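For this one, chain V is given, so just place chain A with the ligands on it according to the hints.
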Amino acid sequence: MAAVRETIEQVKDIDVDQYKYGFSTDIETVKAPKGLDEDIIRFISAKKDEPEWMLEWRLDAYERWQSMQEPEWARVHYPKIDFQDLYYYAAPKSAEKLKSLDEVDPELLATYEKLGIPLSEQKMLAGVEGAGPLAGAPGVAVDAIFDSVSVVTTFKEELAKAGVIFCPISEAIKEHPELVKKYLGSVVPKSDNFYSALNSAVFSDGSFVYIPEGVRCPMELSTYFRINESQTGQFERTLIVAEKGSYVSYLEGCTAPMRDENQLHAAVVELVALEDAEIKYSTVQNWYPGDADGKGGIYNFVTKRGDCRGDNSKISWTQVETGSAITWKYPSCILRGDNSQGEFYSIAISNGYQQVDSGTKMIHLGKNTSSRIISKGISAGRSNNTYRGLVSAHRKATNSRNFTQCDSLLIGNDCGAHTVPYIEAKNSTASFEHEATTSKISDDQMFYCMARGLNEEEAVALIVNGFVRDVLQQLPMEFMAETQKLIGISLEGSVG
Amino acid sequence: MLEIKNLHAKVDGDMILRGVDLEIPQGEVHAIMGPNGSGKSTLSYVLAGKDDYEITEGSIVWNGQDLSELEVDERVAAGFFLAMQYPVEIPGVGTMNFLRSAMNAVRKARGEDELNAAETMRIVREKAEALNIPLDMLKRPLNVGFSGGEKKRMEILQMSLLSPTLCVLDETDSGLDIDALRIVSDGVNAMRGPDKAILVITHYQRLLEYIVPDKVHVLSKGRIVRSGGKELALELEKSGYAEYGEDEAA
Ligand SMILES: Nc1ncnc2c1ncn2[C@@H]1O[C@H](COP(=O)(O)OP(=O)(O)O)[C@@H](O)[C@H]1O
Ligand SMILES: [Mg+2]
Chain V
80 MAAVRETIEQ VKDIDVDQYK YGFSTDIETV KAPKGLDEDI IRFISAKKDE PEWMLEWRLD
140 AYERWQSMQE PEWARVHYPK IDFQDLYYYA APKSAEKLKS LDEVDPELLA TYEKLGIPLS
200 EQKMLAGVEG AGPLAGAPGV AVDAIFDSVS VVTTFKEELA KAGVIFCPIS EAIKEHPELV
260 KKYLGSVVPK SDNFYSALNS AVFSDGSFVY IPEGVRCPME LSTYFRINES QTGQFERTLI
320 VAEKGSYVSY LEGCTAPMRD ENQLHAAVVE LVALEDAEIK YSTVQNWYPG DADGKGGIYN
380 FVTKRGDCRG DNSKISWTQV ETGSAITWKY PSCILRGDNS QGEFYSIAIS NGYQQVDSGT
440 KMIHLGKNTS SRIISKGISA GRSNNTYRGL VSAHRKATNS RNFTQCDSLL IGNDCGAHTV
500 PYIEAKNSTA SFEHEATTSK ISDDQMFYCM ARGLNEEEAV ALIVNGFVRD VLQQLPMEFM
560 AETQKLIGIS LEGSVG
Chain A
-6 MLEIKNLHAK VDGDMILRGV DLEIPQGEVH AIMGPNGSGK STLSYVLAGK DDYEITEGSI
54 VWNGQDLSEL EVDERVAAGF FLAMQYPVEI PGVGTMNFLR SAMNAVRKAR GEDELNAAET
114 MRIVREKAEA LNIPLDMLKR PLNVGFSGGE KKRMEILQMS LLSPTLCVLD ETDSGLDIDA
174 LRIVSDGVNA MRGPDKAILV ITHYQRLLEY IVPDKVHVLS KGRIVRSGGK ELALELEKSG
234 YAEYGEDEAA
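As you go down the protein sequences, you meet chains V and A in turn. Numbering follows this note's numbering, with no gaps: position 460 of the first sequence is 539. Numbering follows this note's numbering, with no gaps: position 46 of the second sequence is 39.
Looking at chain A on its own, in the form it has when it is part of the complex:
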């Protein structure tokens, strides 16, 4: 169970999260929707433990463990994974090399044996194929020159390679065409399981046709203002975010 209680967080002195309450039991998929600038990405970074995102009040507990006490990499070892809205380019670092380093770092932290080059290659290829990622891409520097869609697929590939139990996907659907959306959704659905909790952040209802959530929450001005079943997404699609304060600037 993921339990977020009364979460307040500041970014560069501005209070962005103003008391988020959210519970996701294991085995469930929840969606957070909300207007631009409502704090969705901020929430995801706070969960990941990014520097400069300061928790001023409240708590984040995953299966009894207080995540806010942990370093970024320690949260990953504890099962957390964030598929980012804007994946970062790492020049010079081959994708395959990066994936192997990440997999082994996580395995080491979890007390598992490290994988050799051949084993990683086999595992990565298999998962890459399922996500329709060409093997050529694995030879290129990570995310450098990747298209928006390629970057998103790479995020999902990493998610499936690092065996997380708590997954947050921040606008993974943006920049994807309909085929890619289906492939990526299949990838996410494959991650579902009785021990997994998944949080899908999206601006659009479309993604939720493929990744069907157990619950939908609306985030506005740093708080969850409404929660409901999957039909809430459809309603939002029709009415828009006007009543939740679409931030013009963002």
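So that you can see chain V by itself, here it is in the shape it has in the complex:
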């Protein structure tokens, strides 16, 4: 039997053991009662000790959400979600009112250590041996979010010296209300879509980043999201503002335990880049994808959008999507400022019964704006992987340019790859280029690699890593090698 055909057989027994982040942690939690109504929103807001304006904001979002419909246009299929059958707030009991790392529940610290993310600054500086694919690299500041709350943020003082604010958004609401009021919802309005409205009503935490004018953030910032509780939705909210001439590189990583039920993750991320500013946002998403029969796994319904508000600004999204049962995610750029640039680099791997519908939107509004999209989709097993991308040029967006390259790689015969590009050029000077390829790992390539001593898994990993190389290179150096390993792990099931 051909190597690739064998691969398919083996994909069929893709196995939950492959998911090495699938443990859960026994930690006492405080939960809101199940279901969603105004009282729950008041409960969340009160738990967070929020000012009145924030509560009003949430209630307004809730009202809008009630009149909205779940989107159905994506190529994903799942049973109807009962939004009254979820918990909207869960927090580790011990994590309330934490002052320092010493007060963090040792179980929690152990959880993050197990994930390869040491939260002690000494350890981080030293680097930790044998850390996993999502490992924090030395000298990277981390905000760790466990279920609904941020448990700890490292290197805060060091960042403060540079004037950089990096803190849980719950804290920013209290400490920097002017900034939050000014920018929250300014990129993704409350009623942008069903999930963003829901998020606006119930978000419990997330990261807030503010880079002052002219500052180049002295270290990589990163947030690690961990869903632990069962039947609990995670709705985090991230807001990054880069003032004139500033620069920041930010990375988020995500994992969850293996659970039989599907868990909902509906985040909103807003980026604002002012004149001459640059934001580089990287995601390594490795939520639990579900088991061999497609049972369980995270529903990842996320709204991410960046606003290149100032002239000459730049926003760059890089994503490595390996987990989740369903991914519905389109990190986008609004190229408002003249000469602004948007980039989207994506690696989306689907295996088993995973469904991915992901892509980007590049909205050209300003003059001489340019965007670049490189999407690499890898489908194995019985998964479906759709790239959906919109590139549009406004009437006034003279000389806007886009280059899109969508490559799909199929492993086996039971998976699907789909490319759905939308192009709207309302300006005759716009120049949009689109290239798409679909290929398969051929039996000859597998044979050749194995005839040079690589085993099946090594051969697939090598070929796939070659396929995604252009995108991998966009990741911060610290995370490249680890991500390469993660890609190998994600496809491990595909060759047994």
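Just so you know, not all the hints are guaranteed correct.
[Claimed, not checked] Cβ pair distances, simulated, as ranges:
no. : chain 1 : residue 1 : chain 2 : residue 2 : range
1   : V       : Asp549    : A       : Ser167    : 29 to 37 Å
2   : V       : Asn478    : A       : Leu128    : 36 to 44 Å
3   : V       : Lys564    : A       : Arg199    : 45 to 53 Å
4   : V       : Pro297    : A       : Ile116    : 36 to 44 Å
5   : V       : Asp139    : A       : Gly87     : 33 to 41 Å
6   : V       : Glu236    : A       : Glu64     : 27 to 35 Å
7   : A       : Ile116    : V       : Trp152    : 48 to 56 Å
8   : A       : Arg115    : V       : Pro297    : 52 to 60 Å
9   : A       : Glu228    : V       : Asp549    : 40 to 48 Å
10  : V       : Lys505    : A       : Gly168    : 51 to 59 Å
11  : V       : Gln552    : A       : Gly186    : 53 to 61 Å
None of these hints come from the bench; they were simulated from the model. All values reported here derive from a predicted model rather than from experimental measurement. All C-beta atoms, glycine included, are put in the ideal place defined by N, C-alpha and C.
Structure of chain A with the ligands alone, referenced to chain V:
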């Protein structure tokens, strides 16, 4: 000693090898010649263990070990190497990266320590230079856009890096000009040794002027029909393969 006995093999249901018998003692170089379509490449793939090449009868034993029981990569670990007639392109995978992965995979399988990037680089450069492979080529994706001659030299480079004891070279001479032929032959001759068995598959006698074989065999319609010393190659050069059934279609 390589011992091939009564080897029958099917490809896509067609019986291509119909009872090949061949013995190559360690320390010797043998050549297989034969008309197009006689089964030379098929033999090399069967030795390598390629999928869809099904052994229906007979055996392949290398130094007492039954190779036909092993996976493709396990045969490599056991010392086998095939320089292919048509090397495959691997887009996106840098040549240096590929070489390092292959070297370490083989070392790991043989219970040797893996090499770090600097060590591999040094070893690869040294061997590449000997084969007149420009260092630039090592940065490009493996075999992608390489000329025929470059691909063949890359095969020999890989052979010398993976330290095989049993080497099969399938029409390594095709597509090589005379200078390249000399360089590649030097590379192969450097592999010769008391513990090595080498099988050179070729359509032409020319290569055997550079890699002088201990024995020459003629393969026709899936069987070895004649064996002799190196002078047999010259004879074939004069008479052609007509009497061995040159396959018009191939
Ligand atoms: N994949 C294949 N499927 C069916 N027949 C094949 C295949 N590969 C080779 N053959 C046939 O096997 C015979 C031997 O081919 P090959 O081993 O390539 O010969 P050579 O290398 O001596 O020129 C030819 O008749 C060829 O058509
Ligand atoms: Mg041939």
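Each hint, compared with the structure:
Distance hint check for Asp549 of chain V and Ser167 of chain A: the Cβ-Cβ separation is about 34 Å, which falls inside the suggested range of 29 to 37 Å. Separation of Asn478 of chain V from Leu128 of chain A is about 41 Å and conforms to the stated range, judged on CB atoms against 36 to 44 Å. As the Cβ distance of Lys564 of chain V to Arg199 of chain A is approximately 48 Å, the hint placing it in 45 to 53 Å holds. Range check, Pro297 of chain V to Ile116 of chain A: Cβ separation about 40 Å, and the 36 to 44 Å hint holds.
Checked against the hint of 33 to 41 Å, the pair Asp139 of chain V and Gly87 of chain A fails, with Cβ atoms roughly 53 Å apart. Distance hint for Glu236 of chain V and Glu64 of chain A: a CB-CB separation of about 56 Å, inconsistent with the stated range 27 to 35 Å. For Ile116 of chain A and Trp152 of chain V, the hinted distance range of 48 to 56 Å is satisfied, since their beta carbons lie about 55 Å from each other. Here the CB-CB span from Arg115 of chain A to Pro297 of chain V is close to 36 Å, at odds with the stated 52 to 60 Å.
Evaluation of the 40 to 48 Å hint for Glu228 of chain A and Asp549 of chain V yields a failure: the beta carbon distance comes to about 55 Å. Range check, Lys505 of chain V to Gly168 of chain A: Cβ separation about 53 Å, and the 51 to 59 Å hint holds. As the Cβ distance of Gln552 of chain V to Gly186 of chain A is approximately 42 Å, the hint placing it in 53 to 61 Å is violated.
Checked against the numbered hints given earlier, this structure breaks hints 5, 6, 8, 9, 11; the rest are met.
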